[in-house]
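Colleague: If you want the building blocks of each chain, they are given just below.
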Amino acid sequence: MDFSISIANQLNAATILPEGIVIITLMVVIIGDLIFGRSSSRWLPYAAIAGLLASIIALYFQWNNPEPIAFLGAFNSDNLSIIFRGIVALSTAVTIPMSIRYVEQSGTSLAEFMAIMLTATLGGMFLSGANELVMVFISLEMLSISSYLMTGYMKRDPRSNEAALKYLLIGASSSAIFLYGVSLLYGLSGGETNLTTIAARITDASSSQSLGLAIALVFVIAGIAFKISAVPFHQWTPDVYEGSPTPVVAFLSVGSKAAGFALAIRLLVTAFALVTEEWHFIFTALAILSLVLGNVVALAQTSMKRMLAYSSIAQAGFVMIGLIAGTDAGYSSMIFYLLVYLFMNLGAFTCVILFSLRTGTDQISEYAGLYQKDPLVTLCLSICLLSLGGIPPLAGFFGKIYLFWAGWQAGIYGLVLLGLITTVVSIYYYIRVVKMMVVKEPHEMSDAVKNYPEIRWSLPGMRPLQVGLIVSVVVTSLAGILSNPLFTLANDSVVSTPILQSAVVTRELPQNNVKVSSTVAPSTQH
Amino acid sequence: MQLQYCLILAAALFCIGIYGLITSRNAVRVLMSIELMLNAVNLNLMGFSNFLDPSAIKGQIFTIFVITVAAAEAAVGLAIILAIYRNRETVDMEQFNLLKW
Amino acid sequence: MTLAEGVQIVSFGILAVMVLGSALGVVLLTNIVYSAFLLGGVFISIAGLYVLLNAEFVAAAQVLIYVGAVNVLILFAIMLVNKREDFSSIPRRWIRQGATGIVCFGLFALLGTMILITPWSLAPTSSAVIENSIVEIGKHFFSDFLLPFELASVLLLMAMVGAIILARRDIIPEVAIAKEREIVSTSLTLPERPREIASIGSSPTKEQ
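Residue numbers (our numbering), protein chains in the order written: chain F, 1 to 526; chain V, 527 to 627; chain W, 628 to 835.
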């Protein structure tokens, strides 16, 4: 007994308590389904949600952990990782209520679906705190493999199969490319796998390693950009979003993306600190392409899921502004935006799920005149879409303003201006859906809406959907006005994270040097 | 035998894998190309492990993890290929175009 | 257990030729069964390279997992999807292949240059190989790589569950014409209708 306690202390195992809770929940779901059979589907989803919420509470108690490094350097539980793990867990906790009805209606088994989704969550959570190359790889693959499985879950549907196959092939090849970059990193650092040690070892090296480091950087960014679906690594996104079950899309667009950003911050800021200029440049290119292509192609979409796919590409572009800014404000604006994006995007997906469950379609034209039949869904979808577009009193507006402000402070004026212009474009296609739902006269109603079934929340699985919808809409509409706690949370997590602080300092030093030299240079000329 | 030989062999294998990935039309062959790429990465890691890190051999550990994950990925990939073959009666990548804008 | 220098070079050369030749066969041959067997050849030759790199345990793992599991799995998959299908030829396909070949060769040139000009920080005691690599690997697994080791077990469990779910044939549930009118129940498909059916005006382009 003493022995096990001393081992646990040595490993600092308490830091992965939240993940432990998720693993226990996973086991409960699998074994509960085995023992109790189909009848267990009544309580299993609630057990899963409870487990995720417990894990978020456990995360709360980990805040400001004095000894964040656990498992002999494999895992880092600093405040940055805590907040990203919270985002991933919360996104699953909101996604599960909306998937109950959807999965049951398609006749597939709910328990296994939730088990796979919990595994994906686990992968995302470990990815947010991974501090070591092997750990990064394993948790990344855990997230990816369970995402492939969820994408192909509706196995009688050719679209779902095709989406899964495309996702798997593109995902596996991108992770192979990522791994090649990682192996170069291992070699360049002379045999280190810990991110902080790698940074230290590479900084010692001379500049003749720069080609190797640049190739490693490009390969690693290819892997990360695939996860956050940045253009030009986005080709899978629209197809996978259209072909997979909608709750999976909701998870991929929020949880998986947040984990990808956590990986991006940790890997780029620590291991690639030497080539900060270069990765800022590459990410600027990715952000410009994502903003332009995501927003422009979204204009032409006829399917709601595909439109949200392109919109999520564009939103990734907005978040990258904060990453490129590279300041405290930049990172905390990223976190704030991701938190807000979680609720507004999941709210929008809940409405899409409700509509497709009742009518069996997700074409945008079929939404015409929905206001007459179902005011609640119309209202919620309008709020979420307007918030995604960035209309003032809603949460998305404040998120965008903060991102743009941080970018402006850091001096990336061009990107911020492009962001503003593309925001205007994006408002157009979001408003188009809202207008379609609200303004149409009764005789212009689409066939799907004409045959709209009677609204009955008492059907099995509809209650949690309703609760999830209300929660996300309330947060979306209020988080903007009452943004202070969220804002403070995001700011605290960045300010108290050592890796970001050292990065900010080292980034500011060269700038000061440049300023000094530029002030010195004219005086010597005189 | 030098580190560079080993790395160049790995780079060649990686490039062959990428070529197969892009040009293959059979979905199973695309999976095989991905396995080739992963093996190239393993060779890289083993080379580094032997020549740069012979005392801690972390590269060997990394390789074992890559082998494990590759096996899992292959199993999932083949399951997906079986599912799509049952519905579509083909494994030709050019025929998979239901999802297109 | 280091072999003499010359023997090492020669065996490396033979293995390298085997690896590259079989890998080219995997991607270039038209018959997929030959490709699968050549893939086994690539795996075995790489295991031989691992032995040359003083890693017996990983070589054994490579043979067991890659040749024994992955390759056999691929062969099974080929047998299960065994309909001989002649892919319809696509005009100008050789242009695409040629362009890809050039790009890949360029990438190889870039990587090769990088490998040759980078001063790798070679360990000073290159010849001093640890006696028993398996003990060292075990120590790592239960110290600093404990967390990934445990995570890999969860990953494998879920990959197994998921692969079984996707690959098993199961009884398709009856499309429930429910007493509640609201339920548009489907049998293991997405609730959203495919686009051809959803948009009435356009004629379906493909019958499956």
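Note that these hints are calculated values from the structure, not bench results.
Bear in mind the structure is a predicted one, so any value in this text is a computation, not a measurement.
In this text, a Cβ means the ideal position worked out from N, Cα and C, and glycines have one as well.
One should not assume that every hint holds.
As the list claims (entries may be wrong) - Residues from chain W shown here face chain V by an in silico Cβ test under 10 Å; the list is partial:
1. S748
2. S760
3. P821
As the list claims (entries may be wrong) - Covered, in the sense of this in silico footprint (three residues per stretch, anywhere, with C-beta under 8 Å from a C-beta of chain W), are these stretches of chain F:
4. 102-110
5. 116-129
6. 370-377
Unchecked claim - With a cut-off of at most 20 Å between alpha-carbon atoms, the simulated SDA-like pairs for lysine to any residue come out as follows:
7. W/K766 to F/S4
8. W/K766 to F/P442
9. F/K373 to F/V425
10. W/K766 to F/K435
11. W/K766 to F/V425
12. F/K435 to F/V425
13. W/K766 to F/K373
14. W/K766 to F/N12
Colleague: Determine for every hint whether it applies to the structure shown.
Modeller: Now the hints, each set against the structure:
no. : hint             : result
1   : S748             : 6 Å, holds
2   : S760             : 6 Å, holds
3   : P821             : 7 Å, holds
4   : 102-110          : holds (count 6)
5   : 116-129          : holds (count 5)
6   : 370-377          : violated (count 0)
7   : W/K766 to F/S4   : 17 Å, holds
8   : W/K766 to F/P442 : 72 Å, violated
9   : F/K373 to F/V425 : 29 Å, violated
10  : W/K766 to F/K435 : 64 Å, violated
11  : W/K766 to F/V425 : 57 Å, violated
12  : F/K435 to F/V425 : 16 Å, holds
13  : W/K766 to F/K373 : 65 Å, violated
14  : W/K766 to F/N12  : 18 Å, holds
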